[in-house]
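**Q** Take a look at the letters that make up each chain.
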Amino acid sequence: MSEPVIVLEQLHKAFGDTVAVDGISMSIRAGEIFGFLGANGAGKTTTMRMLCGLLKPTSGWATLAGEDTWKERARVRARFGYVAQRFSLYPDLTVTENLRFFGGACRVPRSQLDARIGALLKQTDLVKKKDAFAGSLSGGMKQLLALACSLVHDPEVLFLDEPTAGLDPVHRQQLWNLLYELGESGKTIFVTTHYMDEAERCTEIGFLHSGRLLVKDEPRALKRSFTTRLLDLHVEPVMTALSLLREVPGVLGVALRSGRVRVYAAEPERLVNEWQQAWPFPQIQWLGYEWVDPDMEDVFSAYSQGFTEILKLGTQIEAELNHG
Amino acid sequence: MLASLHAIFSVATKEFLHIIRDRRIVILLLILPPFFTLLFGHAFEAGAIKGIPAVLQDRDQSAESTNLLSELRHNETFAWRELPAKPPVEPDLLKLGVQAMLVVPQGWGSSLREGKPTPLQLVLDGSDTNTAFSMQGAVHEAIGHLQLEARQKLLGSLPVEVQAIGQQVPEETRQQFTSLLQPWEVDAKILYNPNLKFIEFVVPGIIGLILQLLSVTLMACTITREREGGTFSQLMVTSLGRTEIVIGKVLPYLGISLLLIAMTIGVAHWHFGVQFRQPLVLALICLLFLLSSLGLGLLISAFCQTQTQAIQIAVFFLLPVFPLSGAFASLDALPQGVRMISYTFPLTHFCTAFRNINLRNADISYITGDLVFLAAATVITCAGAALLLRRNSE
Numbered sequence: 001m002s003e004p005v006i007v008l009e010q011l012h013k014a015f016g017d018t019v020a021v022d023g024i025s026m027s028i029r030a031g032e033i034f035g036f037l038g039a040n041g042a043g044k045t046t047t048m049r050m051l052c053g054l055l056k057p058t059s060g061w062a063t064l065a066g067e068d069t070w071k072e073r074a075r076v077r078a079r080f081g082y083v084a085q086r087f088s089l090y091p092d093l094t095v096t097e098n099l100r101f102f103g104g105a106c107r108v109p110r111s112q113l114d115a116r117i118g119a120l121l122k123q124t125d126l127v128k129k130k131d132a133f134a135g136s137l138s139g140g141m142k143q144l145l146a147l148a149c150s151l152v153h154d155p156e157v158l159f160l161d162e163p164t165a166g167l168d169p170v171h172r173q174q175l176w177n178l179l180y181e182l183g184e185s186g187k188t189i190f191v192t193t194h195y196m197d198e199a200e201r202c203t204e205i206g207f208l209h210s211g212r213l214l215v216k217d218e219p220r221a222l223k224r225s226f227t228t229r230l231l232d233l234h235v236e237p238v239m240t241a242l243s244l245l246r247e248v249p250g251v252l253g254v255a256l257r258s259g260r261v262r263v264y265a266a267e268p269e270r271l272v273n274e275w276q277q278a279w280p281f282p283q284i285q286w287l288g289y290e291w292v293d294p295d296m297e298d299v300f301s302a303y304s305q306g307f308t309e310i311l312k313l314g315t316q317i318e319a320e321l322n323h324g
Numbered sequence: 001m002l003a004s005l006h007a008i009f010s011v012a013t014k015e016f017l018h019i020i021r022d023r024r025i026v027i028l029l030l031i032l033p034p035f036f037t038l039l040f041g042h043a044f045e046a047g048a049i050k051g052i053p054a055v056l057q058d059r060d061q062s063a064e065s066t067n068l069l070s071e072l073r074h075n076e077t078f079a080w081r082e083l084p085a086k087p088p089v090e091p092d093l094l095k096l097g098v099q100a101m102l103v104v105p106q107g108w109g110s111s112l113r114e115g116k117p118t119p120l121q122l123v124l125d126g127s128d129t130n131t132a133f134s135m136q137g138a139v140h141e142a143i144g145h146l147q148l149e150a151r152q153k154l155l156g157s158l159p160v161e162v163q164a165i166g167q168q169v170p171e172e173t174r175q176q177f178t179s180l181l182q183p184w185e186v187d188a189k190i191l192y193n194p195n196l197k198f199i200e201f202v203v204p205g206i207i208g209l210i211l212q213l214l215s216v217t218l219m220a221c222t223i224t225r226e227r228e229g230g231t232f233s234q235l236m237v238t239s240l241g242r243t244e245i246v247i248g249k250v251l252p253y254l255g256i257s258l259l260l261i262a263m264t265i266g267v268a269h270w271h272f273g274v275q276f277r278q279p280l281v282l283a284l285i286c287l288l289f290l291l292s293s294l295g296l297g298l299l300i301s302a303f304c305q306t307q308t309q310a311i312q313i314a315v316f317f318l319l320p321v322f323p324l325s326g327a328f329a330s331l332d333a334l335p336q337g338v339r340m341i342s343y344t345f346p347l348t349h350f351c352t353a354f355r356n357i358n359l360r361n362a363d364i365s366y367i368t369g370d371l372v373f374l375a376a377a378t379v380i381t382c383a384g385a386a387l388l389l390r391r392n393s394e
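So the sequence lines, in the order shown, correspond to chains A and B. In case it helps, our numbering puts the first sequence at residues 1 to 324. In case it helps, our numbering puts the second sequence at residues 1 to 394.
Hints may be right or wrong, so weigh each one.
Stated by the list, open to error - Restraint ranges, calculated between C-beta atoms of paired labels, are given here:
no., chain 1, residue 1, chain 2, residue 2, range
1, A, Ser-59, B, Val-315, 25 to 33 Å
2, B, Thr-344, A, Arg-110, 39 to 47 Å
3, B, Ile-27, A, Glu-72, 20 to 28 Å
4, B, Leu-28, A, Glu-184, 46 to 54 Å
5, A, Thr-18, B, Val-315, 30 to 38 Å
6, A, Ala-165, B, Leu-280, 55 to 63 Å
7, B, Ile-27, A, Gly-135, 50 to 58 Å
8, B, Arg-390, A, His-194, 29 to 37 Å
9, A, Glu-297, B, Ile-27, 29 to 37 Å
10, A, Arg-110, B, Ala-333, 52 to 60 Å
To be verified - Derived SDA-like pairs: lysine to any residue, alpha-carbon spacing no greater than 25 Å straight-line:
no., chain 1, residue 1, chain 2, residue 2
11, A, Lys-130, B, His-6
12, A, Lys-56, B, Arg-225
13, A, Lys-128, A, Trp-176
14, A, Lys-56, B, Arg-390
15, A, Lys-56, B, Thr-243
16, B, Lys-50, B, Leu-17
17, A, Lys-128, B, Arg-227
18, A, Lys-129, B, Lys-50
19, A, Lys-130, B, Gly-384
20, A, Lys-71, B, Arg-390
21, A, Lys-129, B, Gly-230
22, B, Lys-50, B, Asp-92
23, A, Lys-142, B, Gln-307
24, B, Lys-153, B, Lys-95
25, A, Lys-142, B, Thr-306
26, A, Lys-56, B, Gly-230
27, A, Lys-216, A, Glu-67
28, A, Lys-71, B, Arg-242
29, A, Lys-56, B, Gly-384
30, A, Lys-56, B, Leu-235
31, A, Lys-71, B, Lys-86
32, A, Lys-142, B, Arg-227
33, A, Lys-130, B, Phe-232
34, A, Lys-71, B, Leu-235
35, A, Lys-71, B, Thr-243
36, A, Lys-71, B, Asp-187
37, A, Lys-142, B, Arg-225
38, A, Lys-122, A, Leu-178
39, A, Lys-130, B, Thr-243
40, A, Lys-122, A, Ser-88
Read the hints as simulated data drawn from the structure, not as lab findings. Ideal Cβ placement from N, Cα and C applies to all residues, glycine included.
With the rest of the complex left out, here is chain B (with noise of 0.2 Å):
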C-alpha cells in the first residue's frame, strides 16, 4: 500500500513537471481563465440588443408621422438615420450600411383619421435570426404604445353626448369594454436571479467551458507524448500497476484545475458581485465534472497513437458540447431530439447542478441525477481508459 502511494506520487511529481517545466502551457492556464470570466461575463451582460443601425424615411411629414418618430426615438434597439422625405430609397440593407429600414408611406397620417390605416413598411436583415426577432418586436412595442395613447387621448377628449349614449349601454358590458381599453398590467415577481443578471446564469458555463477545453485537451497528450517520446514501453516495464498509472496523472491536473475553478470564482465574485450557495455542493459538482473531463482525456489519450490525434478527436468530440450543452444559452431553445442529446454530455449536468443549486438554492437531492451520470462518466472513462492501456500492451 506504501509502495503503491509512493509510486503514484513518482508518476503525479513527474507528470506535474512536466506541465510547469512548459513556459507556454503554464500562462495559458494563469491567464485564460481569469480572461474568459471577464470576457464571457461583459459580452453577456447586456441582455438586450441595442444600437442597431437603422434607417427611417418620413415620406409622410404629418403630426402622425412626426409622433411616430419622436416615439421610435426613445427605443435603444436602434440607431436611427433618417433619410430625407424624397426621393422613395430601395430597400438595399447593405448599400444602405444598415440592418433595418422603416418607411412611413404617404398619406399614413391621413390614413389613420379616415379609419383605414395602411402598414408601415419595415425591411428587416434576416441573417441574424435573433436579432431579426427583436428589431421586428421593438417596431411592434413602439407602434403599440402610440396606439395605446391615441386611444387614452380620444377617450379623454369624448364629447358629453357619446358619454350619454354610453350610459345606455348595460352596465357589464361597459365595464367589459372599459378593461378592454386599459392596458392590463401583470405583478411580475422573478425568483432565483431576481436582477436577471446574466452573468449569474453563466457562470458555471464559463467554468465548465475553461475545465472542459483545457483539462481534456491537456489529459488527451499525456500518454500520447509518452507514446511519441517512446517512453512509454519504459514506463510499462517498470512495476507501475495500470491504475497507479491513471491516478498518477489525473492527480496533478486535478489540483491544477481545481486552482482554475477558484480563479474564475475569485473574478465572478470580486468582479461581478457574482454570490455563491452552499459551497460545498458546488465543489462536489466541480470535482465529479472535472474527474469525469479528465477521465474523457484519458480514454481519448490511451486510444490515440499521436499527440495529433489526441487534439483532432478532442476537438471534434468538444465541438458540438459548447453550443449544445446548455452553458451560454438555455436548453430550452433546443428541439427535443437535440436535448436528449445534450443530456450525454457532462457539461450539461455540470450546468444544470451548478445552477439549480447556485441561483434556485435547491437542496442537494435535486440533482442527485446529475451527479450520478457525472460519477457514472468518470467510472466508465477512467475504467476505459485503463482497459486501453491494457489492450495496447499486448
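Chain A extracted, bound-state conformation (with noise of 0.2 Å):
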C-alpha cells in the first residue's frame, strides 16, 4: 500500500448541457478495495468509464499506473479488467469459449492461455459449467463468469461497476470472497455498489453526489464523522410515527430500521428530554428509545440527504452540499 495507481485530476465530464462528473480529484493506492458510493446518476458509472478509456474527459486528467487513461488507452488497456454493470458476455457462447476470446483479444500468449483459463475456472467454481453456454448460466455464475473474463489478461487493476447488483447473498458472498483475493495478491479493485454491507468491507471509500466527490475515506473513520449519536425509537405504530416525526423541528431526517425508527437529528438528547416529558403524539404509542452508533448505512443516508449539521465536513464539502 505505497505509491498511488489510479490518480484523477481534476476530472470533468459533461453532456451537452448536463455535467455529469463535476471535477473530480483523488489518488488510490496500490492494492486498495476502493468502494464508489453514491445516488443514481451521481456520475460514478461515467467516472468509471473515463478511467477505462471509454469515454473521453471534457477536461482534467486521469492517470492509470502513470498513463493518460484517454490518451494512452490502447497502452492502458492492457493493464485493466472492467466488469460492466449489465451482464456484457456472448450469450450464445460457452464459459471456455468466453474465455478463450477474451484471452485472445486481451494478447494473452497462446502458450499460457490454457493454463490461464484453467485456473480461473477453478477460482470462480466455474469448472463444471464449462462447457455450458453463458447465457444459460444463473446471474450470479454470470458475474462470476463476468469477473473471470476481466481477469484473463492478469491485470494490476479491476473496474466493476455494481458487480453484484440483483445478485443472491450466497454469490455476493462468493464474488466478495474473490475480491478480497484478489486485493490481498496486490491488486488494485475500484467498485461501485449499492449495499453497505458492501461498502464495510472496502478498504476506502469515496462518496460521490452530484457529479462531486464529497469524502473519501476508510468506513470507519466515515463512520466516526458523526458529531453526534443516533437515536432509535421504539414506537407504535411505525409508519404513522415515520410521517409525523419526520415533520418534528430539530429533526433532520428519519428512517426505518428493524422495526425502530431512526432519528437522526442535531440535538437528540434534547429531543428525547421533550418526549420522555410530554409525549405530544397522542396516536403514537411511545415504548422506549435507545442510543445507536451510526453504521454505513447512516453514513450513506447523511451524506446523500446532506445532513451537514450532523457530520464533520472539511468546509469545502460543507458549502458545496448547501449549495446543492
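Since each chain sits alone in its own frame, please combine them into the complex, following the hints.
**A** In C-alpha cells:
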C-alpha cells in the first residue's frame, strides 16, 4: 500500500449542458479495495468509463499506473479489467469460449492461455460449467464469469460497476471473497455498489454526490464522522411515527431500521428529554428508546440527504452540500 | 504481428461461432442459394411470353377469317378461347377473364377482296406493359404472315396477260418490284450466348442478389448486436484495435459467402449446364464484390445503434439495387439518368464484369474499371466503418 496507481485530477465530464462528473480529484493506492458510492445518476459509471478509456474527459485528466487513461488508452487497456454494470458477455458462446475469446482479444500468449483459463475456472468455481452456454448460467455465475473474463490477462487494476446488483446473498458473498483474494494478491480494485454491507468491506470509500466527490476515507473513519449520537425510537405504529416525526423541528431525517424509527437530529438529547416529559403524539405509543452507533447506511443517508449539521465535514464540502 | 494475428483469429472464431450457433441462419444459408438459383433459373428460362388468355370472335365467318384464325391458333403467345359469332360482345376483359380480345368484324373478308381492308379490332390489357407489347407484336406477326402467303398465292396465279404487261416494264423497276414482293432475310449470327439461354445471362444476377442480401444484412447486425448485448464496451476495453475487429469480423462472413458462391455456381453448372470461363478472374470479381458488400454491411452496422435500425437501413439501401442494377434485366432499358445511378451500385459493376468475362470471354483489361470501382468501394466502406467505430468510442 504505497504509491498511487489511479490518479484523478479535476476530472470533468459534461454531456451537452448536463454535468455528469464535476471536477473529481483523488488518488487510489495500489492494493486498495476502493468502494465508489453515490445515488443513481451521481456520476459513478461515467467516472468509471473515463478511467477505462471508454469516454473522453471534457477537462482534467486521469492516469492509471502513470499513463493517461484517454490519450494512452490503447496501452492502458492491457493493465486493467472491466466488469460492466449489465451482463456483457456472449450468451451463445460457452464459458470456455468466452474466456478464450477475451484471452485472445487481450493478447494472452497462446501458450499460456489454457493454463490461465483453467486457473480462472477453478478460482471462480465454474469448472463444472465450462461447456455451458454463458446465456444459460444463473445471474451469480454470469457475474463470476464476467469477473473471470476481466481477469484473463492478469491485470493490475480491476474496475467493477455494481457487480453484485441483483445477486442472491450467497453469490454476493462468493464474489466478495474473490475480490478479497484479489486484493490480497496485490490487485487494486475499484468497485461501485449500492449495498452498504459491501461498502463496509472496502478498505476505502469515496462518496459521490451530483458529480462531486464529497468525502474519501476508510469506512471506520466515515462512521466516526457523525458529530452526534443516533437515536432509535421504539414506537407503535411505526409508519405513522415515520411521517409525523419527519415534520418535528430539529429532526433532520428519519428511517425505518429493524422495526425501530431511527432519528437523525442535531440535538437528539434535547428531543429525548422533551419527549420523555411530554410525548406530543397521542396516536403513537411510546415504548422506549436507545442510542446506537452509526453504520454505513447512516453514513450513506447522511451524505446523500445532506445532513451537514451532524457531519464533520471539510468546509469546502459543507459549502458544496449547502449549495446543492 | 503474431499477437495481432492471434487477436484477429480470436475475433474471427467468436464471430464464426455466433453464426453457426444460430440454427435458423445456418439453415437459411444452406437452403437459400441453391433454392434461389433453381427458382430464378427456371423462372426466367423461357424468354418469350406464352399462353396469355384471350378471346376471339369471328363475326365474319368468311374463308379469309377462317384462314386468319387457323394462323392465330398456331401462335403460342395466346391461349385462345373462341366466342360464337353472335351476339356482339362488350370488350370487358376483366369480366371475360382474359388479357386480350380480337374481333374479326362482319364483312372483313369481303372488304379484303374489294381492296378496302377494314381493320381488325384488338383490345389489350395494358396494365402490364411488357405483355401488352408482345401481344400486339404477336397479332401483327400473324397478320403479316397471312398477308405474305396471300401475296405469293396471288402472284403465282396471275393470268398470262398480266405477265405480258409486266415484260414491258423496264428491267430495273421489275427487279425492284420482285425484291419488294419477297420477304427479306437476315443472316443473323449470335455471339457470346449463341443459344440465347437466359440462365447464362442471369447467373451473376443470382449470385449477386444472394450475396448482397445475405452479406449486407448479416454483417449489418454484427456490431449492432454487440451494442445491444452490451458487449461493445467490453470489446472496446480489450487490447483489440479497430482494424483487428473489422478484419476479424469480416473473415468468417467472407468464408461463408465463398461457400455460398460455390453452391450457386455448382447448381448453375450441374443443373443448368452453365459453363464458366476464366475461373480465376471470376473468383477475383466475386471476391472484390463480396468485400465491398461486407464493407457496406459493416458501415451500416457501425452507423446504427440497434439491429432493427441496421436491417431497416440495409433494406432501404438494397431495394433500389435489385431492379436498377441490371441483375435480371438489361441496363439498356433504363434511361440515361437512372443508368448513372445504377453505376454507383457495386452489384451493377459485378454483373457487368462477370458477364464480360463469362459470356463474352473478354480480356481482363475490359473490366479494369469495374474492378477498380469494387476495390475502391471496399476501401471506402471499411475505412468508414473503422472511423465510425472510433467516433463512437469518444
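**Q** Next, verify each hint and record whether it holds.
**A** Hints and how they fare:
For A/Ser-59 paired with B/Val-315, a C-beta distance near 43 Å fails the hint of 25 to 33 Å. Here the CB-CB span from B/Thr-344 to A/Arg-110 is close to 44 Å, well matched to the stated 39 to 47 Å. Roughly 47 Å separates the CB atoms of B/Ile-27 and A/Glu-72, a value that falls outside the hinted 20 to 28 Å. Taking the beta carbon of each, B/Leu-28 and A/Glu-184 are about 52 Å apart, inside 46 to 54 Å as hinted.
The hinted range of 30 to 38 Å is satisfied by A/Thr-18 and B/Val-315, whose Cβ atoms lie roughly 35 Å apart. The given range of 55 to 63 Å is respected by A/Ala-165 and B/Leu-280, whose C-beta atoms sit roughly 57 Å from each other. Roughly 21 Å separates the CB atoms of B/Ile-27 and A/Gly-135, a value that falls outside the hinted 50 to 58 Å. Checking the proposed 29 to 37 Å range against B/Arg-390 and A/His-194 shows it holds: the Cβ atoms sit about 34 Å from each other.
The supplied range of 29 to 37 Å is broken by A/Glu-297 and B/Ile-27, whose beta-carbon atoms lie about 55 Å from each other. With their beta carbons about 57 Å apart, A/Arg-110 and B/Ala-333 fall inside the hinted range of 52 to 60 Å. Only pairs whose Cα atoms come within 25 Å are accepted, and A/Lys-130 paired with B/His-6 is accepted, the gap being roughly 22 Å. Between A/Lys-56 and B/Arg-225 the alpha-carbon distance is near 24 Å, which keeps this suggested pair within the 25 Å criterion.
This hinted pair checks out: A/Lys-128 and A/Trp-176 have alpha carbons roughly 21 Å apart, not beyond 25 Å. Between A/Lys-56 and B/Arg-390, the direct Cα distance comes to roughly 12 Å. Compliance with the 25 Å bound is thereby established for this hinted pair. Distance hint between A/Lys-56 and B/Thr-243 is fulfilled; the C-alpha atoms sit about 21 Å from each other, no more than 25 Å. The straight-line distance between the Cα atoms of B/Lys-50 and B/Leu-17 is roughly 49 Å, outside the 25 Å bound, and the hint therefore fails.
About 30 Å separates the Cα atoms of A/Lys-128 and B/Arg-227, which puts this hinted pair outside 25 Å; it is violated. Between the alpha carbons of A/Lys-129 and B/Lys-50 the distance comes to roughly 64 Å, so the proposed pair goes past 25 Å and is violated. With a C-alpha separation of about 38 Å, the suggested pairing of A/Lys-130 with B/Gly-384 is violated against the 25 Å cut-off. For the suggested pair A/Lys-71 and B/Arg-390, the alpha carbons sit about 13 Å apart, so the restraint of at most 25 Å is met.
Our distance criterion of 25 Å between C-alpha atoms is met by A/Lys-129 and B/Gly-230, whose separation comes to about 22 Å. Pair hint B/Lys-50 plus B/Asp-92 holds up; C-alpha atoms about 22 Å apart against a cutoff of 25 Å. With a C-alpha separation of about 24 Å, the suggested pair A/Lys-142 and B/Gln-307 falls inside the 25 Å cut-off, and the hint holds. Restraint check for B/Lys-153 and B/Lys-95: the C-alpha separation of about 40 Å exceeds 25 Å, so the hint is violated.
Of the pairs offered as hints, the one joining A/Lys-142 and B/Thr-306 holds, with about 23 Å between alpha carbons and a cut-off of 25 Å not exceeded. Restraint check for A/Lys-56 and B/Gly-230: the C-alpha separation of about 19 Å stays at or below 25 Å, so the hint holds. For the hint linking A/Lys-216 to A/Glu-67, the alpha-carbon distance of about 23 Å falls within 25 Å, and the restraint holds. The straight-line distance between the Cα atoms of A/Lys-71 and B/Arg-242 is roughly 16 Å, inside the 25 Å bound, and the hint therefore holds.
Note on A/Lys-56 and B/Gly-384: the hinted pairing holds, with a Cα-Cα distance of about 21 Å set against a maximum of 25 Å. Taking the CA atoms of A/Lys-56 and B/Leu-235, the gap is about 17 Å. The hint holds against a cut of 25 Å. A C-alpha spacing of about 93 Å is found between A/Lys-71 and B/Lys-86, which places the hinted pair above 25 Å, so the restraint is violated. Between A/Lys-142 and B/Arg-227, the direct Cα distance comes to roughly 18 Å. Compliance with the 25 Å bound is thereby established for this hinted pair.
Pair hint A/Lys-130 plus B/Phe-232 holds up; C-alpha atoms about 23 Å apart against a cutoff of 25 Å. For the suggested pair A/Lys-71 and B/Leu-235, the alpha carbons sit about 18 Å apart, so the restraint of at most 25 Å is met. Restraint check for A/Lys-71 and B/Thr-243: satisfied, since their Cα atoms lie roughly 19 Å apart, inside the 25 Å limit. With a CA separation close to 75 Å, the supplied pair A/Lys-71 and B/Asp-187 exceeds the 25 Å bound.
Proximity of A/Lys-142 to B/Arg-225 is assessed by CA-CA distance (about 19 Å); at most 25 Å being required, the pair is judged to hold. At roughly 12 Å between alpha-carbon atoms, A/Lys-122 and A/Leu-178 fall within 25 Å of each other, so this suggested pair holds. Taking the CA atoms of A/Lys-130 and B/Thr-243, the gap is near 30 Å; set against the 25 Å cutoff, the hint is violated. Among the hinted pairs, A/Lys-122 with A/Ser-88 is consistent with the structure: their alpha-carbon atoms are about 21 Å apart, no more than 25 Å.
Of the numbered hints stated above, those contradicted by the structure are hints 1, 3, 7, 9, 16, 17, 18, 19, 24, 31, 36, 39, listed in ascending order.
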